[in-house]
Structures are given as C-alpha cells and as structure tokens.
Amino acid sequence: MNSFLKLSLNWLLVFVPIAVVLRIWPQFGNETVLFICSCFAIVPLAGWMGRATEELGERLGHGVGGLLNATFGNAAELIIALVALSKGLTAVVKASITGSIIGNVLLVTGASILAGGIKFREQRFNKTAARTSTTTLTLAAVALAIPTVFHVTAAGSWSQATEHKLSLSIAIVLFLTYTCLLGFELVTHKQLYAGDLQDNAEGQQGPRRWSVLKSLLVLMIATALVALMSEFLVGAVEAARASLGVSEVFVGVIVIAVIGNAAEHSTAVVMAMKNKMGLSLGIAIGSSLQIALFVAPMLIFFSYLFGRPMDLEFTLPEVVAMIVSVQLVFQIDGDGETNWLEGVQLLSIYLILCILFFYLPAEAHEG
Amino acid sequence: MNSFLKLSLNWLLVFVPIAVVLRIWPQFGNETVLFICSCFAIVPLAGWMGRATEELGERLGHGVGGLLNATFGNAAELIIALVALSKGLTAVVKASITGSIIGNVLLVTGASILAGGIKFREQRFNKTAARTSTTTLTLAAVALAIPTVFHVTAAGSWSQATEHKLSLSIAIVLFLTYTCLLGFELVTHKQLYAGDLQDNAEGQQGPRRWSVLKSLLVLMIATALVALMSEFLVGAVEAARASLGVSEVFVGVIVIAVIGNAAEHSTAVVMAMKNKMGLSLGIAIGSSLQIALFVAPMLIFFSYLFGRPMDLEFTLPEVVAMIVSVQLVFQIDGDGETNWLEGVQLLSIYLILCILFFYLPAEAHEG
Amino acid sequence: MNSFLKLSLNWLLVFVPIAVVLRIWPQFGNETVLFICSCFAIVPLAGWMGRATEELGERLGHGVGGLLNATFGNAAELIIALVALSKGLTAVVKASITGSIIGNVLLVTGASILAGGIKFREQRFNKTAARTSTTTLTLAAVALAIPTVFHVTAAGSWSQATEHKLSLSIAIVLFLTYTCLLGFELVTHKQLYAGDLQDNAEGQQGPRRWSVLKSLLVLMIATALVALMSEFLVGAVEAARASLGVSEVFVGVIVIAVIGNAAEHSTAVVMAMKNKMGLSLGIAIGSSLQIALFVAPMLIFFSYLFGRPMDLEFTLPEVVAMIVSVQLVFQIDGDGETNWLEGVQLLSIYLILCILFFYLPAEAHEG
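If you read the protein sequences in the order shown, they are chains L, Y and A.
Quick note: to get the working numbering, add 42 to the position in the first sequence (first position is 1).
Quick note: to get the working numbering, add 42 to the position in the second sequence (first position is 1).
Quick note: to get the working numbering, add 42 to the position in the third sequence (first position is 1).
The hints are simulated quantities; they were obtained by calculation from the structure and are not laboratory data.
Computed from a predicted model, the values in this text were never measured in an experiment.
A virtual CB, placed ideally from N, CA and C, is assigned to each residue, including glycine.
Partner residues are not named here, just some residues of chain Y that face chain A (Cβ under 8 Å, in silico):
1) Thr-178
2) Thr-180
3) Leu-181
4) Phe-192
5) Thr-204
6) Lys-207
7) Ser-211
8) Ile-212
9) Val-215
10) Thr-219
11) Cys-222
12) Phe-226
13) Phe-372
Here are a few chain Y residues that face chain L, going by a calculated C-beta distance under 7 Å:
14) Val-366
15) Gln-373
16) Gln-387
17) Ile-394
18) Ile-397
19) Leu-398
Calculated Cβ distances over 12 Å to all of chain L for the following chain A residues:
20) Asn-72
21) Val-106
22) Leu-131
23) Arg-251
24) Trp-252
25) Ile-263
26) Met-315
27) Leu-389
28) Phe-400
Modelling step: build the complete structure from the supplied sequences, incorporating the hints.
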C-alpha cells in the first residue's frame, strides 16, 4: 500500500554510492557523515521494497498479497533492527520499536490529518475499521508495557531469566493476536476495508503493473542494499551519537524511526489530501500495528537465534510515549471524523515527546 | 440473572462430599487435593445461590428483586473473602477483588464476545447502558488505585492509621456511588435495561418459577455449604500455594476469581450466543461493578468488625491490570457493537496479565 | 461567558472592606481569618472581572471579543498565581494549576451534569465540539505530566537547568497549541460553537449591555481589588495552612482553585438547568483548557521575568488527578449526551481526590 510518491524521493538514492565511497575511503568523511548518508540512502530503498512487495501482492491475489504486505511491509525497519541486534545494540533496537510506533501514530497520522484538514473542513471514514486498529494498538502498547511493570515490581527478587521468559511469552501472544487481526482484515471482515482498497487502486491507476520477475528482482536488490546501508548505519551509530551529543534512545526513537517510515509518511499524507482519510489512517496505524505485533515479536525470536536473548523491557519514557500516543489517537479517530486541529494535537504531543527524549540524559536510559 | 446453564455444572456437586471426606480423614489426600476439591465444589454452589437469589427476586417484584440481586449476586465471592479475611490473609482477599474484576471484564466478556462473534458477524446493543457501566467501572478502578498512589507518594512520612482512614473513606464513597448506580438502573433509567430483562425472561421460559420457601431453603443450604467449602479452601491455600509453586496473589487473582465467577461466565456466554449481547455484557460488567463498588467496601467495613482493619492498597501489577482492563473494555463496548476480534483482544490481554502474575516472584507482592 | 448569576454572589463583596480592616488593624483577627476573608472577597470580584471582559468583548465584535475572553477569562487565577509566584510559593502555584483543572473538569462539570440531569432525563449537545475540547485537555494533561516523567527517569543524572529548559519548551508548545485552538474555535470552525453563543445571548437577554467605558472601569477596579486581596491571601497562606493543619498542595488544589472558579461554576450550573448543556460544558472545560494552555505557560514565562524560573514538575498525585479527570470526562462527554449519574461519577472522583490530597502528609509533597 505504501507505493505512492516514491519517485519524489528517488534522488536520495544518490546517497547509496556516497555511503559506499565513505566506507571504503574513510578519509573522505567521518563516521557521523557516513551515518547521515546511510540514513538518507535507506529512505528511497525502503520505498522501493514497499512498492515491489505491493506489486508482487497484486499478482498473487488479495489474500496472499495481503499476507505478503503484512509480513514485508516494514522489512526495512526489520533489517535495520536485526543488524543492530546482531551487534548487541538492544537499547537502539528497542528504541526503534518505540519510535516506529509513536512516529506512525503521532507524526505520520498527525501530518496526514493536518494536511487533509487544511483542504477539507471535515473528513469522514469507517469508524469500525479505525476503532479495531486503535484497540489492537492499545492492546499492543499495554503488552509492551508489561515487562517494565514486572521489572519495577520485582526489583529486588528478579532474575534475568524470568524476564526473558516473560518477554518471550508476551511476544508469542502478540504474534498470535497479529494472526487473528490478519484473519479479520483479510478474511472475515474484509468488506470493512473494501472501500479503502478500491480507493487505493483508483489512486494508482497511473503506473502500469510490474511483472513477477521485475518485482522479485527489485525486492532482492533493494533488500540487499538496505542490509548494506544498515551495516554502515549501525556501525557508525556510536560515533555519530557521541558527536551529535544525543542518547542512544534518541537515535532509535527519533532518527531511525523517521527513516524507516518516510515512504509510509508520504503516501499517507497524499491519500489524506485526496480525502481518502480511511486509507491514510490505515497506512499509518497499520504500520505501527505491524511493528508492535509482528516486527517486535520477530526480533525477540531472532534474538534467541543470535544467542543474545532480548527482552521487551522499555524505559519509563518509552512506555509513557506509547500509551499516550495510543490514547490520543483513539480519542481522535474513534468518532470516524477528523479536522485539522486534531492533526495539530497529534503533532504537538509528538513534539513534546521529542523534547523529552532530547533532554533525557544518556545514562538515565541505561539504568 | 446468572441462573442459566447451572445444570451442566451440577455434576461438580460431587466434590462437596469428597472435600468433606478429605477434611475428616486427611489420610485420603493432601491439602493441595483438598484445595482443588473445594474449588470445584464452590462452582455449582455459587450457581445455586445465584439461581435462588434470582427466583426470590422474581417473587418480590422488579425493584426489591433488583436490589436483592445487586446485593447477593456475588455472595459466594463475599463469603470466600470473609473467611480469608478472618484468617488475616489480606493479600489473598485483595488479589481476589482484582481477580474478580479483571476476570469478569476480560475473560468472561472476552469469551462472550468471541463466542457470539463466531456466530454473528456483528452484535449490537444499547450504547448508553454499556457506557454507563464502563464509566462507573473506570471510576472504581481509579478509586482502588488511589491508596497505592498515596502509599508511593507518602513513602517516608506515611502512617498505617492514615492509610486505613483513606481506604475507609474511599470505601464509603464507592458504596454511595453504588447506591446511586442502583437508583439509575432500577428507578430513574430502568427503561435502558428493559430490553435486556425481557430478553432474559424469554431466554428462560423453560423452567418453572420456584416458591419463596424453596428459594429461601436453597439459598440457605447453598450459602452454608459455600461457607464450609470456603473454610476448607482458605485453610488449605497456604499448603496448596507452596506445593503448586505459585504466589498468594496468583491464587487470588486467577484461581479464586475464576471459581467465584464460573456461573456468570457460562450464562454470559450462552446469552452472547443467542445474540443477546446487551444482557451478556450486563452480566459480566455488572458482576465486576458489584465486586468493586459493593463487595470491596463491605470487606473493608467487615475488617473493622473483625478488629483487623484492611486497606485498599493494591500492588502495582494489580493496579495496572485493573486500569488496563477497564480502558480496553471501554474502547470495545463504547460504540455499541462488537465482533469476534474484540473478544480475542480482551482474551489476549487476560492471557498477558496471567503470564505477568505467574512470573512475578512471591516476595515482590508482599513488598 | 461567565457573566450570569453574579448578583447572587455580590453580598460577598462585604469581605473586601473586612479584609482591608483586618490587614490594617491585625488586632481584630488572626492571619487565618484574613486568609478566609480574602478568599470570600475574591469570588464576586472574579465574577465582575469576567462580566466586564465579556461586555467589552461584546462591543469589540465576535473575533476580538473571543480573543479577549480567551485571554482574560481566568485573569483572577492568573493574578493570585502571579502574586504567589513573586513570593516564591511555587508549590502553591503549581497546585492551583492542578486544582483549577480538576476543579473545573470534575466539580463544575459534575455539578452541572447532575443539576441538569435531575431536571432532564437526558441532555444532548454537539459531540464534535465536546470531543475537541476534551482531546485538547488530554494533550494538556499529558504535557503537564512529562516533566514529572523526566524527573523520575533522570533521577540520578538530572540537572535543575535541564528541567527548566524542558518545562519552558513544553510551555511554548502548549501556548502554540492554544493559538491553534483559538483559530479553530473563533475562525475555521466557529459554526460548531454557534448554537452555544446564541443560547448564551438568549439566556442573557435581561441585562442591558454596558458601554466600553463602564466595562473598562469595572475591569480595572475589579482587577486592582483582586490583586490586593491576592496579596492578603498569599501573605496569610502559610499561617492559615499551619493553623488549619492542611498541606500547601491541599490549599492550592482545593481552596484556591474553588475560589477562582466560583463564577464559572454558578454560570455552568444555571446553563445546565436551562438544558443548554453544550454551553455549560463549554464554560467548564473551556476554563480548564485556558488554565492548562494559557495560564500555565504564562506563569512559566513570568517566572523568568521574576528571575525565579519555575518548572512544570508536579507531584505524582497531581499528575494522577489530572490524567484521571480528563479520562473520565472524555468517557462521559464523548457520546454527546449526559444523564444525572454521570454527574455523580465526576463528583465521586472529585471527592476521592480531595480525600487523597487531604490525607497526604505535607512533607510528601515537597519531596
């Protein structure tokens, strides 16, 4: 679904060779420059991965296609996180989960509602579909807060092993819930989302469909390049972080999250400006659901494969940020209509949370 | 209201004599077996108490009958808790309050919505009635969280006596709110619930009504047996807890709460499968309201009679569990319609909370 | 908007000379009596300030008038807080912010809904307008909780300067959000509030309009007297607090908040009893929005002018009280209809929070 508008970001592809050059001949720039270039390079690549996944899905029919989108829609974030995980940067990985969720829920949704609201006095959409997503998101935010509640409560008598078992169990429940959500969206209640899909197809009547081969080729190349750029990015994160004077959590929550979601961002805003608010919300909130219910559990499962089990214990500001975002978006989309002020409200809270993460001392996060 | 389906649980009555035998001749089994048998024995007895209360209510007319149901509807939980209270097991008592609330809100409601949602694509009910109950539940959850907020804030300069006065004051406010809620449901806005009652009567056209004498007799015998079984259960709880390797809070939150609510559970599910979703939600959420606004204050008042004042300070996981359950059910029933996925969402969170309580070390609760 | 019913409070003006006498000849009474007299004296003065602001607004046309009301509507609270701020009583200032918010949201709204609900079975109003205010209020409550989250998280490695910068940044965001809210209410979506304004005008057909000169004169005199009474009140607060045995936070949260909002209170209740529920909610919730988004940031800005920067770090009970109030009012007004029980629910929570603030030991607040 996140295909649109990528062309306008394609010029950022120039950062792919630049990043490669910087890595091979380090004398051309420092680690911070490499970090920034890899960030920019990932934006259009993530867009191409999304487009290829979608084209492939189109060829494979509604059900399988939906499943494909649901699985690979956030593949770029997953790859970055896996690379970071393999290097033991669990604070960054967890912060990028938080960041992706609040980035989609507040920044992408807020910008879409504001952009749409400036053109249209009031935008309406299917209330039941919106409430279903938002409630699942509440469930996810609560589930991701539980290990922190455990950690605080069990402070004295707690063991690392128990915390891992708790996180693993929660990851399994989240994954099963995701399966149920897919069943709801793709099988039992697909009519709720029918209007959206039609709108989407209509909105894209321009570009011709790709062949399966082309889709697969693009997907493979983009994935390989994203993996390469993630290597660079994660390798340089420590140096960049230190030279920019921000904390690991700030990098994860704000920087990495914004990069991985740039493509969804532009599509959601364009859809909102075409008065297809249901689709716009579906993209933004759907993406955060995928992060919470699919990417996060996957990262836990992979962390066991890597032999460095990760838990889901987030810092207090991360937990607060997730809960608050979800509550606010529920209040805003629960009545099936939006206006520009509601976009401003979401962006305000995003700004306030960015300020919080910016001022938090680095040591506090690791406590 | 919780009359239905008890017949199918009646075979569990066989555990009443078994429990008695085990208590008199301990050589036939250990304390853990006695604990489990008393648990099973209480399930059908609680059902019979409910049925008798309801039959009596039917004879006494709508107003008095409603009041009777509102007062004795959770008499089994009240008796178990009183027995535990008299032995000073306040952690178990408080955990059984939490457990009854989240059990009804998440497990019973979730199972009903799922069961109903499998048969019907979408189930509708009176939104105002549902919102009224859920908002009262939010109020109750917040009120029960206040002593914990006090405890955390006043940490250094706090005194046991002040904490008891605070809890007692809150219990009085909750009790007065309950009186107002009854006035709303039984007097000023009874029409909102009229459809439900009619549905209920219709759903039960089968069985003939009992005489007042029969109702009273059944009520007395069932109450006496519940009290006896509670004695056994509470007496064996410490041994059972240790041998099963779970904490006191886990026993209260999960085990005791499930036993006391088994009858409501089956009735609510049956009603949902008959597409009487309003009634189903009324039973489940009504039962948790009764626990929070009537049983909990009663236990505080009785604790003064027993000379061992109890406070309402819950552990952090209990507070989180109550707040989260109430928020989720508000998001789900606030729009007056449900579907199967919403049942799954409630059950997911219930599962996640059970996992949390299971992994929490026993000492952490007592801190 | 808060003009009505002031006449009935005018007899309280007698406390203005009494307070002056007590201040000049202290032998007639102690500090506690002076404190109580200044409290009573402010109530009608705040009413006159509101009336004058409104009359002036009427003369200046809808847009400018709305802006004037939005800026000076809570001028009495602002003056009291500025006087307290200039004497370094930041705990009282912050508590009066909390108190004004929860007082308006729970006490004023609750009393209005109850009073209206006793006369009318069900009262309806514009859902979108109500949701917009309530969501902005949620945003504000969250924003005001962020410095506390920062404080708790950064415990070890935290610096006063960072905390001030964080609070200042949040104050700026809140102020900008308020500007957007005014743009929404007075410019882009003023139709949503049109019905209310008409109702208001209609409700006040009685009294003749004032001239600009009269309005300005009344405004100046009332402002000067409020400033004088605030001097007395703040000067006596320490002695009064000690002799009444309550904490600084209790004084701020309960006493000062109730005084400053007495005029809004009576107007909101009268409107509710005339079945103008939209207007009634608009006054109460609008007033708390003004406190959170305009008065609180202003106080932060002024605190820099006074050379004693204030932060927005509230105590845990204050944060809980704000979040809880906002959540409850959202659940109640989000469906566009109210009944008497919902008034009781708001009042119950207000009572429970008062009990909490009453029992909290004084030292705990300053921790």
